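There are 2 protein chains.
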Amino acid sequence: MPKKTLKVAVLGLGTVGSGVPVILQEQKDKIEQIIGMEFIITKALVRDVKTKKELAQKYNIKLVLDIKEIVQDPEVDVVVELIGGIKLARDFIKEALNARKHVVSANKDLVATYAEELITLAKAQSVNFYYEAAVAGGVPILRTLSSSLNADGICEVLGIVNGTTNYMLTQMSQEGKTYDEALTSAQELGFAEADPTNDVDGIDAAYKMVILTAFAYGMKISLDSVEKQGIRALQSQDVKNANLLGYVFKLIGCSRKQKAGVDVSVAPALVSKSHLLANVHHEMNAIFVKSAGIGESMYYGLGAGSLPTATSVVSDLVEIAKNISQKKIGVPFNTYETATKFAEDTQIFDKYYFNIELHSKKGNFDQLKDLFAKAQVKIKQTIDQGTQVLVLTYKISKEKKNKILKMIVDESSFELSSVYRVFD
Amino acid sequence: MPKKTLKVAVLGLGTVGSGVPVILQEQKDKIEQIIGMEFIITKALVRDVKTKKELAQKYNIKLVLDIKEIVQDPEVDVVVELIGGIKLARDFIKEALNARKHVVSANKDLVATYAEELITLAKAQSVNFYYEAAVAGGVPILRTLSSSLNADGICEVLGIVNGTTNYMLTQMSQEGKTYDEALTSAQELGFAEADPTNDVDGIDAAYKMVILTAFAYGMKISLDSVEKQGIRALQSQDVKNANLLGYVFKLIGCSRKQKAGVDVSVAPALVSKSHLLANVHHEMNAIFVKSAGIGESMYYGLGAGSLPTATSVVSDLVEIAKNISQKKIGVPFNTYETATKFAEDTQIFDKYYFNIELHSKKGNFDQLKDLFAKAQVKIKQTIDQGTQVLVLTYKISKEKKNKILKMIVDESSFELSSVYRVFD
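These protein sequence lines map, in sequence, to chains A and B.
Quick note: the first sequence uses our numbering, first residue 1, plus one each step.
Quick note: the second sequence uses our numbering, first residue 1, plus one each step.
Worth flagging that the hints you see were computed from the coordinates, not collected in a lab.
No experiment lies behind these values; they were computed from the predicted model shown.
Do not take every clue at face value.
Because identical chains cannot be distinguished in the list, a pair is counted as satisfied if it fits within a single copy or across any two copies.
[Unchecked claim] Each computed DSSO-like pair below joins lysine-lysine, with the alpha-carbon atoms no more than 30 Å apart: (1) K322 with K30; (2) K94 with K374; (3) K341 with K28; (4) K322 with K341; (5) K123 with K7; (6) K327 with K4; (7) K322 with K7; (8) K123 with K328; (9) K406 with K259.
Same shape as in the complex, but just chain A (with noise of 0.2 Å):
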């Protein structure tokens, strides 16, 4: 006879943790009808019993300060990790998937630096370890890369994968804030943490964009090998100028192939307005797929909050109750591997966007032209501000962009004030 009932315990009960008994309450009827069988939430992992006796009692779920009392329970059929952080995440989902419980994590840290370890453990102990959460929340876009797409050869993967920054930048084009104005804002609704860090400074999206990497290309790369910049520097300016320019700025995490091999990187970039990702617009989450048979592919989504990560959460849980009732075991969530290969400079090409000040107007101009021309940098547009110029490249190589960057800040007459890459 098979299953009726998989038991789960959830580590942690914050704002994801919370929202996923709200899920599979509401979602009861539906899920059960699809699966035949129940999920009913017996344990939760807290540090504080108290603060969350209440949402226990209403859920009937017992309290543990120990994991060992999950872990060590026979009747827990899968482990939901949602406490975050790398070290202690890490040590328990180990010792879950060795006492063979099935693991969900929404754990995109965790999950970008430690996917291989915990992966080679959950085969080798034939159970499922998912975490459709980790990147963009309620965006299912890792289960659609690792089902859907499997028979299409992805060359780009563009993301809006942080709703901080997305929200900030909204607020700085669309209602002309500072970036201080923009981040006070965030922080007052709670987008925002105390210290921004993670968020501004693109580590958040970097850590994301390692896993769409997998997933995509079935590359293996680490955090450092993001290029990394965040939004802390941007300029008011800038972004008017952008829009003036018919442009909006985006923190994209852009992840790309080539035979030569990916470049992965997060930075601020003017996006065309004509594309779709200009319009996404708030705290929202899109990631943008090239591939070779679909072509251009978005998926949209909220990327945070409790209801959408836990619904990803309990969508999760849904394919292992699946996978427990056909008998399958142990199927990876993504199964596509190849050998990791870097692009380098001068074989990954972009347009751009120089913020380029003159230090005396007289003659300057022409000379910058000529600085261009020698570096072998063809200038699609150029906008005379008086002391500032604006110039627009046609698609370069990073390394010329490189040499003219350096060309600029050697050359007196000059100083760079910004930039940044350019999509169409």
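Given chain A's structure and the hints, the job is docking chain B onto it.
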């Protein structure tokens, strides 16, 4: 020892059929790495051997004229139906399922009409029947609804699911073309057929909404229960008016679920320019989903074309291969089922745009307002264009909309030019 080769027979080598061998060859390495098997197209059913000879030779496919050579061939594992139409396709698929072949189809008309029969047969024969490509070609919407959104309560699916009409509407909005000019342009580019009825009258979109309704709510509805209005009667003046008011015309497939039941329709509608669907241009497709957990999400891509559609077909093949290697048998594509229930006209609420002609200017505008007041239809905005008056309403029931429509028609001083739904 697990099977290492899956033999595929294709019915029809037209636009999509000729794309399947291309995708299988281009993504050969990736697919084999992921599933540990390879696909070989051994046979293709065609009407005329001569015209397909070159393609067949290139990919080493044996062309056959009789379906028996495929369904009676014990070597064939999967049959891919790409001949289109209903009667013959249905017969062939039934023969294939009866012979215990897995079946992949891209045939929306067939799936929308005979899904139940074919799904039941596939289940009884312990084989798979998948059809991701039947809705929105390259957009992986069906698998997303049946896996990732399994754990979510969907309440609205808004789809731009017909590329031909979206191309035409883009031409009308952006280039100021008339309906006839847009149709000619679509025909010249091969986006529209000589007889464009299926596209421009909303029938193609309605078939897709039948399938989306089954996946979103588990409800089986027939094509007849979809209220259909095409774009044939859409006037350039209304397209211009919409633009003035901050809207864009889109052919919107709308499937909504309330407690009272579902309502499913296809009709041109005014979509607010701030809505992401308004930015889906040219021949692109997109499906916008509202759900309890995730909130708003959108899935965007090409809805037709050889390679996008063939990619979705091959993604079904990959899923079938995974099922075979994991010994899963006869898992339906969509396992969600609930009783079908339709909402009444008093339970369906929308905002509307009315374009009304006043037969003599004097006094009639007030008279018109009185009429709306009498029908208890709250007006949000009116625009007086001389003898033409535009009225935007707040949300009203479909019953009230029909009531005011009848009142306008009965009143000799007015003539109704058009009425459309409005999506903000």
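Each hint tested on the structure:
1. Proximity of K322 and K30 under a CA criterion of 30 Å is satisfied in both settings, with 14 Å inside one chain copy and 25 Å between copies.
2. In the homo-oligomer, the alpha carbons of K94 and K374 never lie at most 30 Å apart, since the shortest distance is 56 Å inside one protomer and 69 Å across protomers.
3. Proximity of K341 to K28 under the C-alpha cut-off of 30 Å is restricted to the inter-copy arrangement: shortest distance 20 Å between copies versus 45 Å within a copy.
4. Proximity of K322 and K341 under a CA criterion of 30 Å is satisfied inter-copy only: 28 Å between copies versus 35 Å inside one chain copy.
5. When the C-alpha separation of K123 and K7 is checked against a cutoff of 30 Å, the pair qualifies both within a copy, at 21 Å, and between copies, at 29 Å.
6. Proximity of K327 to K4 under the C-alpha cut-off of 30 Å is found in both arrangements, the shortest distances being 14 Å within a copy and 21 Å between copies.
7. Taking the closest pair of Cα atoms, K322 and K7 come within 30 Å of each other both inside a single copy (14 Å) and across two copies (27 Å).
8. In this assembly of identical chains, K123 and K328 lie within 30 Å of each other by CA distance both inside one copy and across copies; the values are 12 Å within and 18 Å between.
9. When the C-alpha separation of K406 and K259 is checked against a cutoff of 30 Å, the pair qualifies only within one copy, where the shortest distance is 28 Å, while the shortest distance between copies is 64 Å.
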